[in-house]
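Here is how the chains run, residue by residue.
There are 2 protein chains.
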Amino acid sequence: MTEPFSPTARTKVQRLPDRGKYDRETVYRILDEGFVCHVGFVVDSQPFVIPTNYARVDDTLYVHGSSASRMLRTLAGGVQVCVTVTLVDGLVLARSAFHHSANYRSVVMLGRAMPVEDSGEKNRVLEAFTNHIVRGRWNDVRPPTEAELKATSVLALPLEEVSAKVRTGPPKDDEADYALPIWAGVVPLPVAPGAPIPDPRLNAGLVPPQNVLKYSR
Amino acid sequence: MTEPFSPTARTKVQRLPDRGKYDRETVYRILDEGFVCHVGFVVDSQPFVIPTNYARVDDTLYVHGSSASRMLRTLAGGVQVCVTVTLVDGLVLARSAFHHSANYRSVVMLGRAMPVEDSGEKNRVLEAFTNHIVRGRWNDVRPPTEAELKATSVLALPLEEVSAKVRTGPPKDDEADYALPIWAGVVPLPVAPGAPIPDPRLNAGLVPPQNVLKYSR
Numbered sequence: 001m002t003e004p005f006s007p008t009a010r011t012k013v014q015r016l017p018d019r020g021k022y023d024r025e026t027v028y029r030i031l032d033e034g035f036v037c038h039v040g041f042v043v044d045s046q047p048f049v050i051p052t053n054y055a056r057v058d059d060t061l062y063v064h065g066s067s068a069s070r071m072l073r074t075l076a077g078g079v080q081v082c083v084t085v086t087l088v089d090g091l092v093l094a095r096s097a098f099h100h101s102a103n104y105r106s107v108v109m110l111g112r113a114m115p116v117e118d119s120g121e122k123n124r125v126l127e128a129f130t131n132h133i134v135r136g137r138w139n140d141v142r143p144p145t146e147a148e149l150k151a152t153s154v155l156a157l158p159l160e161e162v163s164a165k166v167r168t169g170p171p172k173d174d175e176a177d178y179a180l181p182i183w184a185g186v187v188p189l190p191v192a193p194g195a196p197i198p199d200p201r202l203n204a205g206l207v208p209p210q211n212v213l214k215y216s217r
Numbered sequence: 001m002t003e004p005f006s007p008t009a010r011t012k013v014q015r016l017p018d019r020g021k022y023d024r025e026t027v028y029r030i031l032d033e034g035f036v037c038h039v040g041f042v043v044d045s046q047p048f049v050i051p052t053n054y055a056r057v058d059d060t061l062y063v064h065g066s067s068a069s070r071m072l073r074t075l076a077g078g079v080q081v082c083v084t085v086t087l088v089d090g091l092v093l094a095r096s097a098f099h100h101s102a103n104y105r106s107v108v109m110l111g112r113a114m115p116v117e118d119s120g121e122k123n124r125v126l127e128a129f130t131n132h133i134v135r136g137r138w139n140d141v142r143p144p145t146e147a148e149l150k151a152t153s154v155l156a157l158p159l160e161e162v163s164a165k166v167r168t169g170p171p172k173d174d175e176a177d178y179a180l181p182i183w184a185g186v187v188p189l190p191v192a193p194g195a196p197i198p199d200p201r202l203n204a205g206l207v208p209p210q211n212v213l214k215y216s217r
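Top to bottom, those sequences are chains A and B.
Every letter in the first sequence is one number past the one before it in the numbering used here, and letter 162, counting from 1, is 162.
Every letter in the second sequence is one number past the one before it in the numbering used here, and letter 109, counting from 1, is 109.
Derived by calculation from the structure, the hints in this document are not laboratory data.
A quick note: this is a predicted structure, and the numbers were derived from the prediction, not measured.
Honestly, I wouldn't trust all of these hints.
Identical copies go unnamed one by one, so any copy, or any two together, can satisfy a pair.
[Stated by the list, open to error] As a list, the in silico DSSO-like pairs of lysine-lysine whose alpha-carbon atoms are at most 27 Å apart: (1) Lys122 / Lys150; (2) Lys172 / Lys12; (3) Lys214 / Lys172; (4) Lys150 / Lys12; (5) Lys172 / Lys122; (6) Lys150 / Lys172.
All chains should be built: construct the whole structure from the sequences, respecting the hints.
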């Protein structure tokens with residue numbers, strides 16, 4: 001599908017509408033770069049926001065976790081959720097306190113998450129999860145057993161009501177403030193993968209594969 | 001206050017309870033290192049999860065934004081919120097797909113956010129916001145005008161029903177899997193502040209101050 005998402009009253013970016021993006025390429029690029037989402041759901045009128053991993057396959061976002069988890073048991077009923085992915089790119093330092101900001105890219109997804117029951121589909125989704133963490137990792141590791149598959153709940157959220165919000169570039173100060181003798185600009189905040197730390201119980205002679213050694217997102 | 005938070009049925013970490021932390025030092029350290037939170041609130045039974053900046057002052061978490069924003073107008077009514085802060089420290093690569101994980105530190109805060117109306121308090125909170133972005137920045141920049149204060153909504157969430165969740169260390173594989181010839185360990189994912197990018201409209205001769213040049217969190 002290459003058509004943009006249709007903004008709804010709930011997903012249309014109202015404040016600073018120029019930052020709103022609805023094309024699939026922007027949305028998918030953000031989702032594919034990130035790997036932690038915040039899942040919002042409601043229990044007894046109290047909202048909960050829980051961080052968790054995710055993977056996207058085509059037009060579906062998957063979250064997973066223990067079948068015993070409160071969150072996944074709650075969501076499995078098909079309740080309404082909001083899943084948000086945020087990438088922070090930098091701090092925007094203006095000349096006025098008021099115009100300080102951040103450069104970021106975020107995606108907000110609304111809908112109902114439904115459980116994935118079919119064990120074949122579940123296995124394919126877990127492959128996507130593992131490869132979303134490290135490209136090609138699935139082929140390097142021991143695959144899940146039947147018992148592990150049963151102990152894992154996977155929920156699917158169709159990407160239908162979706163919007164992205166993106167801020168880039170320098171600060172925007174009030175015209176009069178540009179004359180002030182105050183340094184202004186952007187501090188980039190990239191995530192910089194460090195050297196892999198071997199498990200203390202790693203067998204002698206094992207070295208990190210290239211997809212770990214040259215890790216990037 | 002130095003007493004730990006009392007876990008409630010809603011904040012007690014149920015899955016992997018060893019990861020649950022309730023002492024204020026752990027909670028405050030996470031909140032003071034991060035600067036983006038995800039605010040969850042409910043409108044017409046639909047949860048929304050919106051990323052935004054925050055600052056902590058003593059036992060209160062503040063979020064702010066445009067007085068015109070949908071989120072802040074919704075929250076100002078004193079509705080129930082969940083505010084979550086998540087710091088991702090690394091990827092945990094196990095020998096089995098099943099035991100892949102992430103090292104992270106998160107704080108989940110439940111309660112009712114109330115508007116800060118007093119302009120003196122508002123100003124102090126905006127100072128905390130600005131200094132939470134860059135230490136000491138408040139003294140370097142133009143302070144807010146009365147009109148800017150009016151255009152900014154600040155909401156206060158008392159830190160009462162709070163829990164942290166922390167995972168650190170190497171993967172935990174099934175005992176039999178430690179014999180497999182598969183590299184396992186942790187890929188650290190630190191945020192590495194880059195060289196400051198000057199605003200293209202910066203006046204000649206201005207150099208970044210030390211708190212920007214040597215930026216760290």
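Verification of the supplied hints:
no.	hint	result
1	Lys122 / Lys150	within (10 Å within a copy, 51 Å between copies)
2	Lys172 / Lys12	within (23 Å within a copy, 43 Å between copies)
3	Lys214 / Lys172	between (37 Å within a copy, 23 Å between copies)
4	Lys150 / Lys12	between (38 Å within a copy, 25 Å between copies)
5	Lys172 / Lys122	between (47 Å within a copy, 23 Å between copies)
6	Lys150 / Lys172	between (52 Å within a copy, 19 Å between copies)
Checked against the numbered hints listed earlier, the structure breaks none of them; every hint is satisfied.
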